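Protein chains in written order, with the numbering used here: chain B, 1 to 316; chain X, 1001 to 1261; chain U, 2001 to 2345.
Treat the hints as calculated values from the structure; they're not laboratory data. A quick note: this is a predicted structure, and the numbers were derived from the prediction, not measured. One thing to keep in mind: the hints can contain errors.
Beta-carbon label-pair distances, calculated as ranges [what the hints assert, rightly or not]: (1) U:Gly2013 x X:Asp1151: 15 to 21 Å; (2) U:Asn2183 x B:Thr284: 42 to 48 Å; (3) U:Trp2109 x B:Ile97: 51 to 57 Å; (4) X:Asp1151 x U:Gly2037: 24 to 30 Å; (5) U:Trp2200 x X:Asp1147: 28 to 34 Å; (6) X:Thr1007 x B:Lys202: 41 to 47 Å; (7) U:Ser2045 x B:Lys202: 54 to 60 Å; (8) X:Pro1158 x B:Ile97: 40 to 46 Å.
No residue lacks a Cβ here, since even glycine has one placed at the ideal position from N, Cα and C.
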Amino acid sequence: MFEVLIDQFWSLTLAGISLGFIYVLVSLGYTMVYGVLRMINFANSEIFMWGTFGTIITSRDIFGYTQTSAPATGGKLALVLISQLIMSMAVAGLTAIFVEYVAYRRLRAKGTNRLATLISAIGISIVLSELMRLLTDSRPVGSPRVLEKIILTEVWGANIRLDTIVTIFAAALIYFLLERFVQLSRMGKAIRAVSMNEDAAKLMGVNLNRVITTTFLVGGLATGAAAFFYITVFEYSKFNIGFTMGMAAFTAAVLGGIGNIRGAFYGGLFLGLLEVYASAVLGTQWKAVTVFIVLVLVLLFKPNGLFGEAVQTTRA
Amino acid sequence: MAKIGKTLLKLDNVTMKFGGVTALNGVNLEVKEGEILALIGPNGAGKTTVFNVITGVYKQTSGVVDFDGISLGDQKRYQVTALGVARTFQNIRLWGDMTALENVITATDVHKKSGLVGALFGFPRARREEEENREKAMEILRFIGIDEYSDRLAKNLPYGVQRRLEIARALGTSPKLVLLDEPAAGFNPAEKVELAATIKRVRDAGYTVLLIEHDMSLIMGISDRVVVLDFGTKIADDIPSVVQNDPRVIEAYLGVPADAS
Amino acid sequence: MKIRNYWNLRDFGANLWENAGRPVRVAIVLGSILLVGLLPFMGGSILATPIAAFDAVLVYPVGMFVLMSLGLNIVVGKSGMLDLGYVAFFAIGAYTMAYLGTTTNLNTWEIMPIGIALAMIAGVLLGIPTLRLRGDYLAIVTLGFGEIVRLILLNSTWSKGPNGIANIPMPPDLGPLKFELKNQRVFFWVVMAMILLTIWMIRRLTVRRPGRAWEAIRQDEDAAELMGIHTLKYKIWSFTLGAAVGGAAGVLFASKNLYIAPEMFTLNVSILILACVVFGGIGNIWGVVIGAAILGYLPDRIRFISDARLLAFGLVLVVVMNFRPDGLLPRKKREKAIVKREANA
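One chain only, chain B, in its complex shape (with noise of 0.2 Å):
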């Protein structure tokens, strides 16, 4: 049963790693808004869905790469993967704000209850994805390799290949930028100070709904980031992955600590790398029960997450 957990652990971990640092940058756009809103992101998953296809659009219909066209070299490499990025963190951060504007804006300027509005942002997700199915005829589609999976060099048994490294390192410089941003920058500031408290935030002459907006777009620049490593890494999209992806995020942001910027980052990296190791282990079909089952027990006996604040409780 742990034959394949010891055999192969490095290069387990190795995977873990890049899959925790995906997971880091969605679960950005649950705890961002759930930071302002105090409430829950739903759509974010099939926003990442979304982004996916930016990233699979600009390489097959862009630069017009098939899946059978040689991977790409040096400068072009570049070129392709970084119009692919942006693409990703374009649609993903156009789909967020599409979504805060229907889904939430006119629900919060009325002041209807929470109910309201979760059912409504569920309601655009379920838009959002029976769109991409009937869009794609429920099939999944293929991403053309752009960036080939060498592998560089092999360390305690483990292959390091050339994508995981590109995920782990870009991902990390991204999730530092957002992060930067939040701490540094004015309207960075705005958004924390709305996240402690809206009313003084208001009266301090933060324009909460520019506020909203952007962190809704800088949640779905985050989700679309990863939208595009999902893509380097496992190739292939579909309709429905929104929902795995959203289930795994949300959990590593409760592990967090939702809210928790910082938070996010260590939950997504303890998640990915956990769900590797349980696969390794159990199977890859429980991936998501292992999932939820961490998930539970976290909302039963650490509400507040591992690493950080506030889960409220109806007590709060």
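Position chains X and U against the provided structure of chain B, taking the given hints into account.
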């Protein structure tokens, strides 16, 4: 005036800290059966925190809250109510989509024996209890003087009636001790006089009253004793006329115009 | 103001009911039951459905949707908790029927209580850890739960994995009433009976203590608890009763469909049922019944909707919440008597 009896509620050296902020600092407080005790102090003195500790919204950092021989710190919030402590809220928190009568009936349910199964099959006990509670709730509305509004949705009631309905709802739980959190907030002088009379009637009907209020004339008129909090510490505890002249109180509280709220 | 009254179906219905004496009320109830009961004979009329037989459509989706929506409405409408994993209880009921029906001699009616009990147990087990949490967490945890149940069914050997379970027995005949596949009117009457039973249950509970507790929790949970309501207990009850109705629907569904597989129990079912509740009017029994009947029926009547059914239902959720959050028939507001008195004065 009702006879003042044994100690009903006792806060013994209660401290409540939120992170680094000390909201209550070693507060001792006794409420005796049948009295009207007023709790006053400047904004942020910790008055509502006292209520929240008593009713179990917060768990005190240290100290003991004893109610009729039972330590309230170990009780769940709904159990505190069943033991005989009921409260009103500073910012009205009625169930807006229920009628006034239903608000009070729902409160009377605390002491009902029959539960879901009884309700489903209409057991005689469940039916009888339904009937009794409706009667009792109506009686309370009459007692508070708002029975003419019984069929109106709480959210559509005039502000003053909502405040009174909060008191009626608290009485619905058949409490021994009623905690009133600024029941006269937003009232004009005439309404305040009326409310004072109501509070007195509540006490004379056998309830013990612990009251947070800003209006000094209201407090001086009806309370048997006044406790003053300042920055989470008790600085005075005596009959109104003595408290009124206590220099520390004047400095902390009466120094500002009494009708500032 | 006057014109609005004609459009306000809820008040129109409520007035009709309230001004009627007891004999009239009994007549209205019996008459409506009879009329609905005769629906399976209307297959030749304008109501006819192009693809599936009309009587089959009446059982599934229409009847089943109504039944499940009523169950979900106890959770979402009465106590204000969003349960997105409702399909799990439906699946538990269905698999109980399928497994016991194919491996033991028990018949549908004997398995029914077992299926209901198992669904309720699942409800309690899921409810205890999650119902303390705020609404959005419940939503996401139940969402996960619904998917987990499907994954377990998909990957277990007893449930025959993705192949599903076939040859599930039909219910034994009820006296002269025979269950047939080519004419499903008896199934329809059974669903109808279950719907009536559920409505009776909800109405009983709503006017008494549990209904008030749910209502108080929905409107202000903290105030409810401080007024002595054991909120967790009532939330679990609400959740569990909803689960029971879902489980019952599942048992009957399996016994009607004769074959079930995990792919029938996806998240989509939960969303469809939620759309039915929201469309008709959260919290209003009659709204839910009408909403579910319409949303269950339309995709079968109008062909082009059926492929984009889920898309349409997602749009229903967004549009209804944004423009008419109370749905077709809004929740009952009990202020009629007094308002009338004022209007006359």
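**Item:** Structure-inconsistent hints, enumerated in ascending order
**Value:** Result: hint 4 breaks, nothing else.
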